[in-house]
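All chains should be modelled from the sequences, with the hints used to inform the complete structure.
Counting in this note's numbering, the sequence shown runs from 1333 upward without gaps.
Since the hints were made in silico from the structure, they are not lab data. You may find that some hints are simply not true.
[Stated by the list, open to error] With beta-carbon atoms standing in for the labels, derived distance ranges: (1) Ile1476 with Lys1370: 43 to 53 Å; (2) Val1478 with Lys1427: 12 to 22 Å; (3) Lys1370 with Lys1448: 42 to 52 Å; (4) Lys1484 with Arg1451: 43 to 53 Å; (5) Lys1374 with Leu1465: 22 to 32 Å; (6) Cys1395 with Glu1531: 26 to 36 Å.
All values reported here derive from a predicted model rather than from experimental measurement. We treat Cβ as the ideally placed atom computed from N, Cα and C, and that holds for glycine.
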Amino acid sequence: MNVACIVLGSGSNTRFSKHKSKIFYKIKGHSLIEFSLKSIVKFISKDCLYITIPKKITKKEECILLKYTNNQLILGGNNRQQSLLNALKSIDTAKYKYLMIHDAARPNVSLTLIHKLIRTIKTNKYDAVVPALQITDTLKRNGISVDRNKYKATQTPQLFKIVDFIKYALKSKSIVTDDVQLIESKKNKKIKYIDGNYEN
1333 MNVACIVLGS GSNTRFSKHK SKIFYKIKGH SLIEFSLKSI VKFISKDCLY ITIPKKITKK
1393 EECILLKYTN NQLILGGNNR QQSLLNALKS IDTAKYKYLM IHDAARPNVS LTLIHKLIRT
1453 IKTNKYDAVV PALQITDTLK RNGISVDRNK YKATQTPQLF KIVDFIKYAL KSKSIVTDDV
1513 QLIESKKNKK IKYIDGNYEN
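Here it is in structure tokens:
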């Protein structure tokens, strides 16, 4: 399969713990990151999987991650976008047609969603396929309610045609919080939003 996958496991933990990366907290005997990795490797081979890691990581934690990838672990940056750029520079784009990006902090990604993303991007109709959810909470701007039906919350994994995505990502001067932001303003780029999953 000509899909590369980056799993971003180098988050800053600003809302979790200063002492331990949240992706290595155990749930039912497995690290949080393992739940998403186990789903992803059902579709993506270990040769095509790239994982970014936090600066503070133990040998034991490295060994956990190396069960799922045959590539060298990639040191993350000071923010999510820098971690993504570090990973992109490690990928031989000539080997792949598509790129999947997933946040390790989302452990409940379903096999159904991954399959649908890959199936949709391979129709060759779109430059990106992104899972998104309808907003259910009331939204306000400057204290005034806005029409929530005009908004969606995007999720990962997101899937892209790799060559164009990397070109725009490496050139971007903006700080983005969502990968598809890097191409959504580009002319003639077709983005398909599919139903996400509230458990993801």
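Contradicted hints - numbers only: 2, 3 and 4
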